[in-house]
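Protein chains: 2
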Amino acid sequence: MKKSFGSRPFIIPTPVWCVGSYDTNNKPNVMTIAWGGICCSKPPCVTISLRKATYTYGNIMKRQAYTLSVPSEKYVVEADYFGMASGRDVDKFKKTDLTPIKSELVDAPYVGEFPMILECKVIYHHEIGSHTHFIGEILDVKIEEDMLANEGKADMGKISPLIFDPGVGRYHGIGNFVGKAFDIGRKYPLKSE
Amino acid sequence: MKKSFGSRPFIIPTPVWCVGSYDTNNKPNVMTIAWGGICCSKPPCVTISLRKATYTYGNIMKRQAYTLSVPSEKYVVEADYFGMASGRDVDKFKKTDLTPIKSELVDAPYVGEFPMILECKVIYHHEIGSHTHFIGEILDVKIEEDMLANEGKADMGKISPLIFDPGVGRYHGIGNFVGKAFDIGRKYPLKSE
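Same order as they appear, the protein sequences are chains D and H.
Each residue of the first sequence is one higher than the last, beginning at 380 in my numbering.
Each residue of the second sequence is one higher than the last, beginning at 380 in my numbering.
The shape of chain D in the complex, shown without the other chains (with noise of 0.2 Å):
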C-alpha cells in the first residue's frame, strides 16, 4: 500500500550544487540548491531555479552566467551554509575561508577547494511560478586530478558528492557501487522473440 502525500516538489535523489556568481559590485556570491538536472546532451545544458527574492537571480539575469561547484561530503557543513545566508547579507566566501576563482569562460566565479566545476552560459530563462528556471549551456567540465580514475576519467565514489533529501532535509553522502549501466539489464529481451 502507497500512502499518498498530494502535490509536492518531492523526489529523491536531488543533487546538492553551489551555484557561483558576481553582484553588480563584482562580489563573488554562492547559493546552494537542489532544485536542476542536465536538461540536454546536445549542446550540453543543465538547469537550475531560483527564487526571485535570492541575491543569486539578480547576479544570473545581468550576468547571464553561472557556475556550478559540486561539494564533496568534507564540505558538507559549508554547502549548507551556501544554502542558508545570503550575499546580500555577508560574504559567504570570506565566513568560510573558500577561494572564489574567476571562470576564464563565464562571467562568474567558481569555488577553487570544490572537486568538480562547471561553467554554463545562460541559453534561456523561464517563469514556472515560485522559482525561474534557467537553462545553461555547460562550456566546461574541471575535476580536480586526484580524483580522477586510473583511465583518467572521473570517479563519483573519490568526488564524493552530497545528495539531498527533500522530504526531511538531509545530506546523505555516496553509497556503493551496485550495477553497470548499459549492462547489466541485459539480463532481459532487448526484442521480442
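Calculated directly from the structure, the hints in this document are not laboratory data.
A hint or two may mislead.
With a cut-off of at most 30 Å between alpha-carbon atoms, the simulated DSS-like pairs for lysine-lysine come out as follows [to be verified]: (1) H:Lys559 with D:Lys537; (2) H:Lys453 with H:Lys570; (3) D:Lys570 with H:Lys431; (4) D:Lys559 with H:Lys382; (5) D:Lys559 with H:Lys381; (6) D:Lys382 with H:Lys453; (7) H:Lys566 with D:Lys537; (8) H:Lys474 with D:Lys559; (9) D:Lys421 with H:Lys381; (10) D:Lys406 with H:Lys381; (11) H:Lys431 with D:Lys421; (12) D:Lys381 with H:Lys532; (13) D:Lys570 with H:Lys481; (14) D:Lys406 with H:Lys566; (15) H:Lys441 with D:Lys381; (16) H:Lys570 with D:Lys381; (17) D:Lys500 with H:Lys431; (18) H:Lys474 with H:Lys453; (19) H:Lys532 with H:Lys481; (20) H:Lys473 with D:Lys570; (21) D:Lys473 with H:Lys381; (22) D:Lys431 with H:Lys566; (23) H:Lys537 with D:Lys453; (24) H:Lys421 with H:Lys481; (25) D:Lys453 with H:Lys532; (26) D:Lys559 with H:Lys453; (27) D:Lys532 with H:Lys381; (28) H:Lys559 with H:Lys537; (29) D:Lys474 with H:Lys570; (30) H:Lys559 with D:Lys474; (31) H:Lys570 with D:Lys431; (32) D:Lys474 with H:Lys473; (33) H:Lys431 with H:Lys473; (34) D:Lys473 with H:Lys570; (35) D:Lys537 with D:Lys474; (36) H:Lys381 with D:Lys537.
Some chain D residues near chain H, calculated using beta-carbon distances under 10 Å [to be verified]: (37) Val455; (38) Gly546; (39) Lys559; (40) Pro568.
Everything numeric in this text was worked out from a predicted model, so none of it was measured.
Just so you know, even glycine gets a beta-carbon here, dropped at the ideal spot from N, CA and C.
For chain D, the structure is supplied; the task is to place chain H on it using the hints.
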C-alpha cells in the same frame, strides 16, 4: 590542479527515474532517465528531457502526462533494462514481470512494485537541441507505507533510490547520513557583525 573535460553533459549526482506513459494502443511503457530534476516549488514541478527518437517522447506528446517511478536498489537490473530497450520493440512490463498501474490522476501508468511514484501533468515543453525538455506539474507523490520513518515521513534510507554517474556509466546506492540541512551551516554567521 583541475583537469578540463570540455563541454559535456556531466555532473554528479544524477537521478535514476523511470518514466511511465501509454502508447496509442494503451500499451503501458516505461523508460529510465537521468536527465531531470525539480524545477519549481509552487506549483511543484519536475522536468524530464527526452530525445525525439524515444517511444516515450511520442507517448507524452499525445497524452501530455507521465509518471516517475523511483526504483529502489534491488530493482537496478530492471531500471537499467528500462533505459536500454525500446517500447517500440518489446513490452518492458511483461518481460520484467512488473505491474503497470493506471494512475487515477493523469493519463499514464506507473510501476506498482517501485517504492515512490510521482504523477505529472505536462504544463510546458521546449526543444533545446538533442533533447526536448518537459515540465510536469506534480499532482501527487505516493510512497510505500513500509518505507516511511516513524513520524510518517519518507525515509530515503528505506526507499534506497539509485544514483547515476554519467561519467563512467555506473549506478550507486545512497550512502550514509552526513548532516541535517538548514541546520549544520549555522556554524557560520548568517549576517555580518
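Results of checking the hints against the structure:
no.: 1; hint: H:Lys559 with D:Lys537; verdict: holds, 22 Å
no.: 2; hint: H:Lys453 with H:Lys570; verdict: violated, 45 Å
no.: 3; hint: D:Lys570 with H:Lys431; verdict: holds, 20 Å
no.: 4; hint: D:Lys559 with H:Lys382; verdict: holds, 25 Å
no.: 5; hint: D:Lys559 with H:Lys381; verdict: holds, 26 Å
no.: 6; hint: D:Lys382 with H:Lys453; verdict: holds, 21 Å
no.: 7; hint: H:Lys566 with D:Lys537; verdict: holds, 26 Å
no.: 8; hint: H:Lys474 with D:Lys559; verdict: holds, 20 Å
no.: 9; hint: D:Lys421 with H:Lys381; verdict: holds, 24 Å
no.: 10; hint: D:Lys406 with H:Lys381; verdict: holds, 23 Å
no.: 11; hint: H:Lys431 with D:Lys421; verdict: holds, 13 Å
no.: 12; hint: D:Lys381 with H:Lys532; verdict: holds, 13 Å
no.: 13; hint: D:Lys570 with H:Lys481; verdict: holds, 25 Å
no.: 14; hint: D:Lys406 with H:Lys566; verdict: holds, 22 Å
no.: 15; hint: H:Lys441 with D:Lys381; verdict: holds, 28 Å
no.: 16; hint: H:Lys570 with D:Lys381; verdict: violated, 43 Å
no.: 17; hint: D:Lys500 with H:Lys431; verdict: holds, 25 Å
no.: 18; hint: H:Lys474 with H:Lys453; verdict: holds, 17 Å
no.: 19; hint: H:Lys532 with H:Lys481; verdict: holds, 25 Å
no.: 20; hint: H:Lys473 with D:Lys570; verdict: holds, 12 Å
no.: 21; hint: D:Lys473 with H:Lys381; verdict: holds, 22 Å
no.: 22; hint: D:Lys431 with H:Lys566; verdict: holds, 26 Å
no.: 23; hint: H:Lys537 with D:Lys453; verdict: holds, 24 Å
no.: 24; hint: H:Lys421 with H:Lys481; verdict: holds, 26 Å
no.: 25; hint: D:Lys453 with H:Lys532; verdict: holds, 27 Å
no.: 26; hint: D:Lys559 with H:Lys453; verdict: holds, 14 Å
no.: 27; hint: D:Lys532 with H:Lys381; verdict: holds, 13 Å
no.: 28; hint: H:Lys559 with H:Lys537; verdict: holds, 17 Å
no.: 29; hint: D:Lys474 with H:Lys570; verdict: holds, 10 Å
no.: 30; hint: H:Lys559 with D:Lys474; verdict: holds, 20 Å
no.: 31; hint: H:Lys570 with D:Lys431; verdict: holds, 20 Å
no.: 32; hint: D:Lys474 with H:Lys473; verdict: violated, 56 Å
no.: 33; hint: H:Lys431 with H:Lys473; verdict: holds, 24 Å
no.: 34; hint: D:Lys473 with H:Lys570; verdict: holds, 12 Å
no.: 35; hint: D:Lys537 with D:Lys474; verdict: holds, 27 Å
no.: 36; hint: H:Lys381 with D:Lys537; verdict: holds, 14 Å
no.: 37; hint: Val455; verdict: holds, 5 Å
no.: 38; hint: Gly546; verdict: holds, 4 Å
no.: 39; hint: Lys559; verdict: holds, 6 Å
no.: 40; hint: Pro568; verdict: holds, 6 Å
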